[in-house]
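Participant: Chain by chain, the residues run as shown.
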Amino acid sequence: MGNPNVGKSAIFSRLTGTDVIISNYSGTTVEFKKGSMLFEGKPAEIIDVPGTYSLDPTNKAEEVAVEMLEQGDLVINIVDSTNLERNLNLTFQLMEKDIPMVIALNLSDEAKHIGIDIDVKKLEELLNVPIIPTVGVTGEGIKKLVSKLPKAKNPKTKKHSDKERWNKTGNIIKQVQKTKHRHHTFLERLSDASVNPITGIPIAILILLFSFAIIRFIGEGLINYIFNPMFNLYTPIAMKISAFLPNFIHDILIGTLIDGKIDYTQSMGLLTTGLYVPIAMILPYIFAFYLILGFLEDFGYLPRLAVLIDNVMHKIGLHGFAIIPMLLGLGCNVPGALATRILESKREKFIAATLMAICVPCMAQMAMVFGLLGKYGIKGLGIVFLTLFVVWTILGLILNKTIKGISPEIFMEIPPYRIPYFKALLKKLWMRTRSFITTGIPYVLLGVFIVNILYSSGIISFIGKITAPVIVTILGLPKEAVGSLIIGFLRKDVAVGMLLPLGLTLKQLIIASVVLTMYFPCVATFAVLVKELGIKDMLKSAFVMIISTLIVGGLLNLVLPF
Amino acid sequence: MEIFLSQLGKGEKGIVKRLEGGYGFQRKLSSMGLRIGKQVRIFSYQPLRGPLVIEVDNMRIAIGRGMANKIIIEK
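Note that the protein sequences, when read in sequence, are chains A and B. Heads up, the first sequence is in the working numbering, so the first residue is 1 and it goes up one at a time. Heads up, the second sequence is in the working numbering, so the first residue is 1001 and it goes up one at a time.
Since no wrong hints were added, every one of them can be taken at face value.
Calculated cross-link-like contacts (lysine-lysine; reagent style BS3-like; alpha-carbon spacing at most 27 Å):
1) K148(A) with K158(A)
2) K174(A) with K158(A)
3) K178(A) with K1017(B)
4) K1070(B) with K315(A)
5) K1013(B) with K180(A)
6) K60(A) with K404(A)
Hints in this document: simulated from the structure, not taken from any laboratory. Computed from a prediction, not measured in an experiment: that's the story for all the values here.
The whole structure should be built from the sequences, with the hints applied where relevant.
Facilitator: So this is what it looks like as structure tokens:
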């Protein structure tokens, strides 16, 4: 347990060896996570919970923390050394519960660095609980923390009023903490500049443009110099396999040969398109995106972006912090949907989740759209992303006006900038990339497999005939495009890939890319949204999705001049 | 002189005198460390009635204007 952004997940990961996402902002952890470690020779369950400022929760994530507390036999209370007062206040609240406790005095390196000196021995005496200074990300003090676990105790504190508790905290701080005055460091000056509007807004624009450029540079670099050459080596092998296979199996594994050759983007076989799409088209961008996002997260930039964009977000019924689910959604909509938990009201959650599901394409889908529209230059991609952005804004304005209630204001701690710990950064990048490899790639293969079945069994042409009025008349797409909309429910990346063999015009590609983003979330996101919003709100949200897709797709079909 | 937190100029300091608003609101501010008797300094104002960034102890906190209008400061 502990306040937000004090390093609970870092210590949890050190104790249990379990992989968890760690970042430098409040609200990274929104669910509890279980892991296990050996405790006095026996396996013990350790639970990582979201941070909370008090035991009176104000959002869903904090509720989770308080609920889990009741189930614990022992609390490892993570205290932020740079902010002792507020953390001790929560400590006293925890002591009033009857659970034994040890304290990890975390971020002890940073406290030293900014001139805060804490008398640990004295604090241990005053609180009557074992205390161990730690540095979660590097693992300093963790062994000692484990060795102190058996000595965990609860000094039986009586229930205090808020005022008594703060007084008690104040007294203790006076006795154990000395602060030295010191000069502002470079990072602090940079921090000041990035929340000052005059300098902050140019910095934000610069960072976003720079991030986008690096992601494309790394993504394309990996595709052109590593993955394409790799698949060129693989082609002769696949051709040999192709020669041996009987027709039916050939169709599924290799797919259709185009001019007697394998075309990785059009053949639609499991061993051709099924491998090429996730590995050579999507993976490079997933890697590049999460490298940049991870750096911005660990450095501590995201909360500053939230502050700068707060006034804009209010117009669409959200506050600045809602930019975080949106940014996470750009990687994958699933963590994006989960992150709406950091928002306080049901209204905000609904607006944020709906806008994200409709207008924020995930990286896998975007990578495919880059592949599809990249050759037309800025025109195609520009229209797709501009349309999504405009829809996001207008839909947000409408939802804000039509949904009852008001959204609360931003109230959020801005963490100091921290130089990312390189190993932790790489680990997070690996976890996210691995998650795409282990869960994304099998689903892409499954998607390609189902596409084959649907086509060969004639189901797609059957549904195509029924849906032709909508697909052909309103959206201006060929009726075969309905197959892509069906598969899009499973995997949006495969769905975009299915557009290629249809030989669409630029206009149709643009409309199809926008429609595929908007019409409905993929099944994984859908499941999370049902859980987070409830089935009733999810149905409302789905209604908004389908209606706005038809309007926007239809308008594009009418308006686009080419 | 007692004023609202939102009336304090950029870079100016003041001491928190009172918190208005409901119990839940007061508690939310206090548990984050923004309490009566604390010195706060205005760090920046975001344009178009955007939030304030304030400094309390070692923390930077972003807080909406409406909320800042419920915090009474002694300059």
